[in-house]
Amino acid sequence: MANGPAWAVMLSASIGAVAFGSLTMLSECSPRASHFLLWYRPAGSLSGVAICAILIWVGVWAVLHARWKSKRIGYQRSLMVVILALVLFSLLATFPPFYELFVKHG
Amino acid sequence: MTLTSREFWTALHGMIFGAGLLLAFTGSAVSLWSMRSEWTTPAGRAAGARCLLAGSWTMALFAWLAVSIGTFVIYPWYRAAPPAGSTPSMLAGYPKSLLISKPETADWHEFAMEWKEHVGWLAPILATAVAVVATRYRGALASEAQLRQTMLVLLSVAFFCAAVAGLFGAFLNKMAPVR
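Going down the list, the sequences are from chains A and B. Just so we're aligned: 73 in my numbering is position 73 of the first sequence, and the numbers increase by one with no gaps anywhere. With the second sequence counted from 1, adding 1000 to any position gets you my numbering.
In case anyone wonders, no lab produced these hints; they're calculated from the structure. Any given hint might turn out to be false.
[Unchecked claim] Computed spacing ranges between beta-carbons, pair by pair:
1. A:PHE102 x B:LEU1023: 33 to 43 Å
2. B:GLN1146 x A:LEU92: 47 to 57 Å
3. B:SER1143 x A:LEU92: 30 to 40 Å
Built from N, CA and C at the ideal position, the CB exists for glycine as well.
This is chain B alone, in the form it adopts within the complex:
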């Protein structure tokens, strides 16, 4: 039961940081949604603020780790050029070249990978903004409806971006694994 170094980094990127980010969204979104002055007591607001802080910072931290490892560690392995004169049977270690070598798999690179590598970067920026606002305002957010609504939109877009990146990442790793 072993993982190669590349498989380890890929699992860390997607299964630990990517999946952790997606899981942390639920707690953050529910805390934000329910933090309203008419629904909560001061103790409830404080508890909701703590949950929001934990969830939003987990999302932000995991998003930064996932995109940094994805871009600067795994992506160079994915897009590495094979030696000149390589035949299709020699492309197993070169996922991008393997995908674009056949018309029936080329869109996995041209659409799925191209979208994933870019859209994923929006998640850490947006999640960090939400985490910073949550840290500064804490329970006072209960009386700031428009701030809360905007935070919920940014958090949801961050989740969507991470979900697209995660979904296509899982499919790509089946079509042309980084090994």
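So that you can see chain A by itself, here it is in the shape it has in the complex:
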């Protein structure tokens, strides 16, 4: 059974999570980025961060699915490690004491 579509879903979700974390850092560290991400003013830049991350996730998912839809992925252990690393980074990137390091020094 092809397992490519399953890995495409999970890898794209972890990339979407990283996109969310990275955009969070960007919006907290850069007033210009924060202003650009102000898509729904009452909710602030969180609106743009969330919508952009969802678009990136769905876009990456579509691309990976198209490439892997009938494949049997052999390097599953490596993919697991990559997904785990991406998810851990996304958690770290949304943690205020972490991104505030870059606000102070950026």
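Once you've looked at the hints, dock chain B against the given chain A.
Frame of chain A, contents of chain B only:
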């Protein structure tokens, strides 16, 4: 016994969708953990797959509803700016301003709310990925150990994110309720 409109939306966000999401995690995680070809019969795999489908889609749906209502309905009330010249005693309807008006409560916004509003968004993305894989592979997951392990990690991280958001949400609603 009444709720204001804002209290209703806040209860729906946290007590219905947020709490429902956290409860659905247990069933999904147990189904995923126990779905192994060496432990289950074909009938057991089918039953486990149905439980996993129900739990993971409940988590995903509730997570999307919780973060959407939180971000686009409740958060604007939380962060609304008070009228110019407001004194501290006039900030009851402006939770963010109320919290940052005093040094002893400022961290409830600077740390708790800042973390909650962001980390919560990871939950629907990760839970949806698990639900999609569960739907596509169902009982066949029993013979895919690495897929199952990765799904369990994503599901657990989604639970952690929702738990952080829920915990701080409950504390924040005590410190500076949205009313």
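When you take the CB atoms of GLN1146 (chain B) and LEU92 (chain A), is the distance between them in 47 to 57 Å?
Since GLN1146 (chain B) and LEU92 (chain A) have Cβ atoms about 24 Å apart, the given range 47 to 57 Å is violated.
Indicate whether the distance between the beta carbons of PHE102 (chain A) and LEU1023 (chain B) respects the range 33 to 43 Å.
For PHE102 (chain A) and LEU1023 (chain B) the Cβ distance comes to about 37 Å; the hint holds.
Look at the Cβ atoms of SER1143 (chain B) and LEU92 (chain A) and judge whether their distance stays inside 30 to 40 Å.
holds (34 Å)
Of the numbered hints listed earlier, the single one contradicted by the structure is hint 2.
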